[in-house]
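Peer 1: Residue-level listing of the chains:
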Amino acid sequence: MQNQKPPRWLSLLLSRLGDPNTLEEVQGDLLELYAHWVETVGERKARWRYGLSVLKLMRPFAQRNEEYSTSLLSPVMIRNYVKIAFRNLAKSKGYSFINVTGLAVGMACTVVLFLVVKHETSYDRHYANGDRIYRLETENIKEKHSYPGTYTGMANALHADLPEAERVVPLLQVGGTTFADPSSENRYKEKFVFAGNELFQLLDYQWLAGNPKTALSQPNTIVLTRTYAEKYFGSTDVMGKTIRLDDKQNLQVAGILEDYPVTTSFPFNMLVSFSTIKNVNPDYDLNRWNGWNDNFQVYVLLKKGIDPESLTKRFQGIVVKYMGKEALPDKRFFLNSVSNLHYGMNMSGRTANVSLLKTLSFIGLLVLLIACFNFINLSTAQAFKRAKEVGIRKAVGSNRWSLVYQFLTEAGLLTCLAILIAVLLAQLVLPIAAGALAVPITATDLFSWQTGLFTVALAGLTTLLAGVYPAFRLSGMEPIWALKNNTLAQGRPWFSLRQGLVVVQFTVSLILISCAMLINQQLTFFQKADLGFNKEAIITVGLPNNKPEKLQTFRNQLAELPQIKDVSFSFNSASAESNWMQSMQYRKGAEAIDVKTQMKMGDSRFLDTYGIQLLAGEKLRDSDTSSTSFKLLANEIFLDRIGIKHPADAIGEKVYYGDGKEFATIVGVVKNFNVNSLHQKIDPTVIQVVPNNFYQAGIKLQSEKPTAETIQAALARIEEAWTATFPNQVFDYSFLDETLKQAYQSETRTAKLIEVSTFLAVLIACLGLFGLATFTAEQRTKEIGVRKVLGASVGSIIGLLSRDFLKLVLIAVVLASPIAWYAMSEWLRNFEFKIEIQWWIFALTGLLMAAIALLTVSFQSVKAALMNPVKSLRSE
Amino acid sequence: MKRAFLGEFEEVVLLTVAVLDESAYGVTITQEIEQKTGRAVGFSTVHTTLQRLEEKGYLSSKMSGATAERGGRRKRFFTVTTAGRKALMEVKNIREQLWDALPPQTLQLMGG
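Chains as they are written, first to last, in our numbering: chain A, 1 to 876; chain B, 1 to 112.
A few of these clues could be false.
The calculated BS3-like cross-link candidates involving lysine-lysine, where the alpha carbons are at most 27 Å apart (straight line), are [to be verified]:
hint	chain 1	residue 1	chain 2	residue 2
1	A	619	A	596
2	A	752	A	807
3	A	619	A	631
4	A	752	A	565
5	A	752	A	528
6	A	56	B	36
7	B	36	A	45
8	B	56	A	56
9	B	92	A	56
Per the computed footprint, the stretches of chain A lying under chain B, defined by three or more beta-carbons under 8 Å from a beta-carbon of chain B, are [as the list claims (entries may be wrong)]:
hint	region
10	27-35
11	47-56
Simulated DEER-style distance windows between Cβ atoms [unchecked claim]:
hint	chain 1	residue 1	chain 2	residue 2	range
12	A	478	B	5	56 to 62 Å
13	A	389	B	97	51 to 57 Å
14	A	21	B	38	29 to 35 Å
15	A	78	B	110	51 to 57 Å
16	A	41	B	81	44 to 50 Å
17	B	81	A	389	41 to 47 Å
18	A	21	B	18	43 to 49 Å
19	A	456	B	66	46 to 52 Å
20	B	69	A	21	46 to 52 Å
21	A	385	B	5	16 to 22 Å
For the record, the hints were derived by calculation from the structure and aren't laboratory data.
In this text the structure is predicted, and so the values were computed from the model without any measurement.
Don't be surprised by glycine CBs; every beta carbon is placed ideally from N, CA and C.
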């Protein structure tokens, strides 16, 4: 009888999914029948019949549709809930409007933020070998800082000493180089990368033309993306054509790639073969082990199953082999997964600002929460209106759950309406938000299944958040009480939940307002701060070539222009993002003081052009370049570090370059000026004339506040002079004050976003307040009528209605001020130069909020106070 | 009250239960119908019909009679209730009335 058992999995299926009420006899019957079938029609057919019976008896199919369901979630009841919900929404149009608007705005914020966060977390996730791609990073153990770049010798070292690597891919990115199509004079300034064929095996590329195995094997070849092929030649059929690099070297197009996706940290449009480096820059040392640059990065594709953590020993070996044992305590190499690149420095120049994203998500949720609070407040406020309904429903036999479902349906319906509007809103504001956040997202991102899923989840969550409390509160009313008294509970608690929620709304709004004000104060401070030099009316242009005779021609040509006051050639501007740091040593007897110093390399005009004040000694001369007598200017902080009090005492002192023999003499002392952005302290700084490091010309215009026309005229003349001096190059200029402003871009962005969310939060809170005020006024119509009949003035009635709300604002001010103060002092820690947080900011925001609240409420209270008491008392 | 409605298959099942008297349960009913009508009936169809008839109040049931053959599980024995008998009678009466109303020549044509 062993083989007469039916298949086990079918029996299991039946016991899981069969109707538990009849399971026992069904299982028994089928066993008996199975035995019968095996005897009569054979085992195979018996199994078949058994299976068929089991399938048909499983509950989803065997559901008895004749059953008259008394379930609260049957289709009939759901239809009823929706119908009643519609009627209620239509009945109180005002409240529905407030709720839908608030929720829609809140949800639109959330949806947009979701898109931003989704975009920022989707970088570098699409490579086929993504889990095996790493970037080799260099850590300065003493500085506790790791850098994305590494030594140029590393590529060869890894080939020799890291057998775990399947591929080693060095990349060198170069910016600001002129590329030209020699046949058409199309000339552009571009960023490009030196790469080898290995890159195409590391990341995934789609080829329109060319062979990935050989495209970059030869020197002087270039691979372009589709967009760039079209940019230079107007078509993608350009294999074998020539592009001229920097007016020096012809490159042959050896491949065309499909454009890369937006979410990559490798947005290379022009890839030049690695071996071309020697032709362009013969001095470039590919075996260097002292000093590195972040533009040279090495990527590694590990063999399958290798854990990057297990390679520590290998890297220690590399340090010892190429840099010596003494480097071990300071240098460490490690592998960083490609999926982390977007959160730190990478070659795309786009980095996710994690803290900004977190702040934003938090604020977005707050705005949504405020909107939910509106819903909770307005629905519980209406409890009194709906008490009769609830009472009658309960008396007739409705149970609590059906009322809960009823109220939840109402919340759900509102949320659904709101989410429709929210999606429309999101579509409208997406381009603006994308611009403000500098995130390349478009409306197409809005209509993806992930967003759809998120929206549905968001709607569900919002419904629950907004609906659960009112649903339970309203459905919990005693029917007798609801029908008989029909007034609010006696002895109101001194502080109800409704008031609590209003206080929270106002607290959030107040925090946001004061933060926005303080951030703006700090930004104004950045603009107005005395930097120690004059940033106005200075135009900077790049110098592609700094041979002394070229510079002299350029200077002579500019000198003729009447619009120009002064010209200075230098390494960078008085304040810049990237700087040259140098260790200087001051030897006082046996004692040597090391100072990490910023080198400003500029000519004799540097001080005059940038308006830097000389405190003692004399200016530099253009001839101060002889290595036997280097001369330099030091700033006050530098003097302070080497222990000299009076500027005049420093003249004639010698300072050494590091611990070497070369030294320079201090010939002058300058007043402190901000060499960095205001985030950082002023470094000890020296200025020296080093002509072969002059890469930029600072051009000071005659007038301090030039008009647009004078600037245009000046620029045209400067371009003429520039192109005459540096033919076949692309002229590029910027205004110093704008360049400096870019250092504060992140703060400007934060300020803008906080302003917008503040506006939204206040708007939603006010909408809610308006609704509550309307409701209170309605509820107290009779009371106001009686008061007026007895002689109350309009003013006293307005006061009566407004007092309650003002009390709430006051509590909110008390709560919000310390929180805002704490948050802002944390934020201000990012800056070395910052504003003081003053108490009046909080007083001002409090006043502002009170005024806004009063204005919102007064619309209703004035209306109620002016109403003719005869009318309000007559109607019953 | 609405008149009792019995579907054709329901009627067959109900009658079979009446025929089997004391020993009517899932397996015997299925086999009996198969034998008597000569048509292949699925067990699940019989099962759901029995359930439906019980809900309508034409059948009552009780559990008993576990055997080893069934893995020790009890059977659900069905008996026809008074309402069930009434319904069957009613259907029979209607049929008979209709047969009686049949004109004699038609009856002859049908081979009766």
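Peer 1: Falls inside 44 to 50 Å, the C-beta gap from residue 41 of chain A to residue 81 of chain B?
Peer 2: violated (35 Å)
Peer 1: Holds or violated: 51 to 57 Å for the Cβ distance of residue 389 of chain A and residue 97 of chain B?
Peer 2: holds (54 Å)
Peer 1: Given the hint that residue 36 of chain B pairs with residue 45 of chain A, test it: the Cα-Cα distance must not exceed 27 Å.
Peer 2: With a Cα-Cα distance of about 22 Å, the restraint between residue 36 of chain B and residue 45 of chain A holds, given a limit of 27 Å.
Peer 1: Quick check: does the Cβ-Cβ distance between residue 81 of chain B and residue 389 of chain A fall within 41 to 47 Å?
Peer 2: holds (44 Å)
Peer 1: Tell me if chain B covers the region 47-56 of chain A under the three-residue, 8 Å CB rule, please?
Peer 2: holds (count 4)
Peer 1: Does residue 56 of chain A sit within 27 Å of residue 56 of chain B, going by the straight-line distance between their CA atoms?
Peer 2: Status holds; Cα separation ~22 Å.
Peer 1: What's the verdict on residue 92 of chain B and residue 56 of chain A, does the C-alpha distance respect the 27 Å limit or exceed it?
Peer 2: violated (32 Å)
Peer 1: Evaluate the given range 43 to 49 Å for the C-beta pair formed by residue 21 of chain A and residue 18 of chain B.
Peer 2: violated (24 Å)
Peer 1: Given the hinted pair residue 752 of chain A and residue 807 of chain A, is their alpha-carbon gap at most 27 Å?
Peer 2: violated (31 Å)
Peer 1: Can the restraint linking residue 752 of chain A and residue 565 of chain A be considered satisfied, given a maximum Cα separation of 27 Å?
Peer 2: violated (37 Å)
Peer 1: Straight-line Cα separation of residue 752 of chain A and residue 528 of chain A no greater than 27 Å?
Peer 2: holds (19 Å)
Peer 1: With a cut-off of 27 Å on the C-alpha distance, tell me whether residue 619 of chain A and residue 631 of chain A pass.
Peer 2: holds (10 Å)
When each numbered hint is compared with the structure, violations occur for hints 2, 4, 9, 12, 16, 18, 20 and 21.
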